[in-house]
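A.B. asks: Each chain, written out:
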Amino acid sequence: MRLKTALTFALALVVILGVGVGTIGRSSGRAGNDNRTSYTPVLTHQTVVAGAHTPENVIAAIIHRYGGTRVAGAAIGSAPAIPGIRPGLWLRFSVDQLAGDDILRPEWEANLVSGAISDALATYHLAPLAGTRIDVTRPDGQVQEDASGGVGDILSGQSFSSESDSAIVARLRSELASAGLAAVSIDLLHADQPAPVVIAKTDSPAVAAADARQTIRALFGADPPYYEGYYFEVMDSSGDPVFIQTAAFRLGVGGQWVNPSYAGVTSLIQTAHHTF
Amino acid sequence: MRSTLIATLCVSVVALGYVGAALGTSFSDKYLTEPCCGGDALNGTSASLNASSISPDTNNCIMYRADAEDSGVQLIQAGLVRCGSGADLDATCSTSNNLVLYVEIIDSTGHATCYQHGSASTGTEYVPVVQNASGTTWYAYISGTAYEHTSMSTYGILEGAEYTGSSCSGWSGSVTYAGDSTYPWQRFIKSTLSWYTVQTSYNDGGCWTESGSLPGSFSYSN
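Taken in order, these protein sequences are the chains called B and G.
Numbering of the first sequence is given in my numbering, commencing with residue 1 and proceeding in unit increments.
Numbering of the second sequence is given in my numbering, commencing with residue 277 and proceeding in unit increments.
Chain G extracted, bound-state conformation (with noise of 0.2 Å):
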């Protein structure tokens, strides 16, 4: 009875440090990717996340985000995102420097829309999530509300801090996740419809420094 809880409840992945960018991006993430935690399905992520600060430069975008993305290039991701005044996101998210709630989905043929989901502020928590409750459909939320959904196998969990360009100076921005302890960075399992604290994960570095460490809050700045 007891090996087989200890099987079932998911307790480890190595940290590994890894860093990773992509096209001029800097990533700093910790994520998750399948096979997990003893054979676990990834078909959530969770966590709080309060901005201090999201300045990017004139020509790129800050998002901070909650991400669930498959081996190709599909993803869907939801959170808050602030473009500089010459940059958008998909032409109707963050158009003019200001900071907004946003849900991101690319298909599977590199298609990407942006849905613009109202004002945000620094120094409020908001809990975006993303979830595949059921057969492949991952539905995005923001702080409860149920926003846009799509269809996508999953190979990725993320929370983290992303930046378009690929300099590491000229802007500055500043986010703590999970700082709400009720919202600590949760995954979900869809066949038992359960949520599991994350107790260590791989990290990307980045332009971002790090701090914190699970299973509690952390930090992302630069």
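The shape of chain B in the complex, shown without the other chains (with noise of 0.2 Å):
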């Protein structure tokens, strides 16, 4: 009798409380698919790699044409076991962050190049990239595991800029002269079309963090943009980074940082962590 007593006191504290009991990832609306980029995209262009049509050889040949030093390999992987995870293929990544560089670089070749394999995978119409995990080899030789990693939901086939690589690097080095910037570097990959490496100084670089936004959209573009992706770094005088951009628009994945001293005259959006 006690035990009853118990058990339907607890069944009511269920239903008042409104205890779920087992549940992980609610299903409920709709998740967005259509116009699934944050822009007016140009759908006209396919990413293709000589070859076989395979998975395997999608990744290979896009690794090794991309031009970068941070992409070691990549292999197909399992899906977390999760509910509610995307069907289709699963990479995991192995990127080497190299001495001096930002986590975001590493990073952001990984996506440049998961992009452009997303593409290519919808062009030949193989099973679609569904997750990414990407493991960090430190300068130091400690490997950080699943350091990050994502696919945004984008539409393949977008178009971007295929300028000459020349004339690329003329007009980015005219529009930082612009911006009061002094070229250190300007690089450009090909995972497929080209993606601007773009590292600059200032000696004000209060006045960069406060003009980052403007620089960076006339660099780039933004609606749509003129590059499937880039990377773009802004150092002091010292060296010392004052903000970084990624962005790999074939994947919908981007990445900021801002480095602290300049937070508060950043003009680029900071989400806020909350002061509890």
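There may be inaccurate statements among the hints.
Distance ranges between label pairs, derived from CB positions [stated by the list, open to error]:
{"no.": "1", "chain 1": "B", "residue 1": "Val-184", "chain 2": "G", "residue 2": "Thr-385", "range": "44 to 54 Å"}
{"no.": "2", "chain 1": "B", "residue 1": "His-125", "chain 2": "G", "residue 2": "Thr-413", "range": "27 to 37 Å"}
{"no.": "3", "chain 1": "B", "residue 1": "His-125", "chain 2": "G", "residue 2": "Ser-331", "range": "37 to 47 Å"}
{"no.": "4", "chain 1": "G", "residue 1": "Ser-443", "chain 2": "B", "residue 2": "Gly-67", "range": "23 to 33 Å"}
{"no.": "5", "chain 1": "B", "residue 1": "Gly-67", "chain 2": "G", "residue 2": "Gly-399", "range": "43 to 53 Å"}
{"no.": "6", "chain 1": "G", "residue 1": "Ser-448", "chain 2": "B", "residue 2": "Gly-67", "range": "39 to 49 Å"}
{"no.": "7", "chain 1": "B", "residue 1": "Gln-142", "chain 2": "G", "residue 2": "Ser-445", "range": "26 to 36 Å"}
Computed far set for chain B versus chain G, every beta-carbon distance over 10 Å [said to hold, decoys possible]:
{"no.": "8", "residue": "Thr-44"}
{"no.": "9", "residue": "Gly-84"}
{"no.": "10", "residue": "Ile-199"}
{"no.": "11", "residue": "Lys-201"}
SDA-like, lysine to any residue: derived pairs with alpha carbons at most 25 Å apart [unchecked claim]:
{"no.": "12", "chain 1": "G", "residue 1": "Lys-466", "chain 2": "G", "residue 2": "Thr-309"}
{"no.": "13", "chain 1": "B", "residue 1": "Lys-201", "chain 2": "B", "residue 2": "Gly-157"}
{"no.": "14", "chain 1": "G", "residue 1": "Lys-466", "chain 2": "B", "residue 2": "Pro-80"}
{"no.": "15", "chain 1": "G", "residue 1": "Lys-466", "chain 2": "G", "residue 2": "Ser-372"}
{"no.": "16", "chain 1": "G", "residue 1": "Lys-466", "chain 2": "B", "residue 2": "Glu-145"}
{"no.": "17", "chain 1": "G", "residue 1": "Lys-466", "chain 2": "G", "residue 2": "Thr-412"}
{"no.": "18", "chain 1": "G", "residue 1": "Lys-466", "chain 2": "B", "residue 2": "Pro-83"}
{"no.": "19", "chain 1": "G", "residue 1": "Lys-466", "chain 2": "B", "residue 2": "Ser-78"}
{"no.": "20", "chain 1": "G", "residue 1": "Lys-466", "chain 2": "B", "residue 2": "Arg-86"}
{"no.": "21", "chain 1": "G", "residue 1": "Lys-466", "chain 2": "B", "residue 2": "Ala-79"}
Derived by calculation from the structure, the hints in this document are not laboratory data.
Yeah, the Cβ is synthetic: ideal placement off N, Cα and C, and Gly gets one too.
Using the hints, build the complex out of the two chains.
C.D. replies: Here's what the structure looks like:
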């Protein structure tokens, strides 16, 4: 009798307090899947690779041709064992963070490569890219497994600038000069279409931080963006980074870091951590 | 038996009407922090949300989201974001004044990454969830689809609205949480794999006017 009373009381509490058991990742409503870019895309491009139209060859071919130095490899892996995972291919990247690299650099190269892989898989009607995991080898040799990774919901077939590398470099140098920044290096990667890696320097870091958004839009566009991705880092005269912004538009993934010294002046949008 | 059950099931958190803001950002949230509810861990937050309007000024963004944060700088959040025509969130989310679904993760060194998950619309019910079902891995879900994850210790969970600027005028928005009674605001405890409907919470006022009350629906508008 006492047990029955206790169970009745427990059931009442469950009803009153709304306790749900074993529910992970609630389902309701709908996820958006139309018009899947944050800008008006130009959809006139197909990402292709030489050789066999298999996931393994697509991955190998794009890593081989992209021209960066941080992606050591990628292998088809298994999806996490949780509910709600999108169907498709999961890739596990191994990337190298070189001495002097911010962590965003190797992660961006993996994202850039992932975006081209995603589009090539679509070109050949292969299983879509559903997720990535990025393992980072630090400069001291330590490996941070699953440091980041993710895949946005993005339309495949976007067309970006296919200007010559020399024309792109010339234009970027001109825009940097207009923004009062000195080019340290401008490189171009080619996971598919060109993606600039721009490192610049300034004697006026607070001004550069304040102008960051305007400078980035002049360099890389916004609606639509000029390039399929970019890595942009501005350093002060001592070589310390002022801010970094990255984008991989074929993947729908972007990154940002702002030196805390300039958090109060930058024009870049920063999500704030709650002051509890 | 009865007292054990009462101790196990979290009932109350004192509402203190706390108002907080950081870096020129205006939060209007309901939130809980650890230790919560008689010692319960906070391993997830879930509530339906329906945006009636979301109109940021040119240079800022508005987010309606479910959010989990540590006591330092880390967070994982999922929901809806719309930025003004001159702004974007982390380069790829809402770059042309459009309303999109998103997941944002900030790591322990302040690096932010935004994952854009397709267009969203006002007047539609979404269920963003962030959940730590095992270990220290937090996953973000939107309406049942699993997206990105990160490793993080937990301090607080939040449901509410965020405006990234400092002025309370020149922009507007309106959102209702838990309007779908199937998805009230709930918190998750991984040790029992159970969701509990939140009865009371801390509150941030910010620039937004709040209406409604727990455990029912609540709204923010400006």
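A.B. asks: Are all beta-carbon distances from B:Ile-199 to chain G longer than 10 Å?
C.D. replies: holds (17 Å)
A.B. asks: Note whether the CB distance of B:Gly-67 and G:Gly-399 lies within 43 to 53 Å or breaks it.
C.D. replies: holds (46 Å)
A.B. asks: Quick one: are G:Ser-443 and B:Gly-67 within 23 to 33 Å, going by C-beta?
C.D. replies: violated (45 Å)
A.B. asks: Can you confirm whether the C-alpha distance between G:Lys-466 and G:Ser-372 stays at or below 25 Å?
C.D. replies: violated (39 Å)
A.B. asks: For the pair supplied as a hint, G:Lys-466 and B:Ala-79, is the alpha-carbon distance within the 25 Å limit?
C.D. replies: holds (21 Å)
A.B. asks: Does the structure keep G:Lys-466 and B:Arg-86 at a Cα separation of 25 Å or less?
C.D. replies: holds (23 Å)
A.B. asks: CA of G:Lys-466 to CA of B:Pro-83, is that 25 Å or under?
C.D. replies: Cα-Cα ~15 Å, so holds.
A.B. asks: Starting from the hint 37 to 47 Å, judge whether the C-beta atoms of B:His-125 and G:Ser-331 obey it.
C.D. replies: holds (40 Å)
A.B. asks: According to the definition I'm using, a residue is off the interface if its beta carbon is farther than 10 Å from all beta carbons of the partner; does B:Lys-201 meet that for chain G?
C.D. replies: holds (21 Å)
A.B. asks: Is 26 to 36 Å respected by the C-beta to C-beta distance linking B:Gln-142 and G:Ser-445?
C.D. replies: Violated, at about 49 Å.
A.B. asks: Holds or violated: the 44 to 54 Å window for the beta-carbon distance between B:Val-184 and G:Thr-385?
C.D. replies: violated (22 Å)
A.B. asks: Please verify that the nearest CB of chain G lies beyond 10 Å from B:Gly-84's CB.
C.D. replies: With a cut-off of 10 Å, B:Gly-84 comes too close to chain G, as the shortest Cβ separation is near 4 Å.
Hints 1, 4, 7, 9, 13 and 15 from the list above are not met by this structure, while the remaining hints are.
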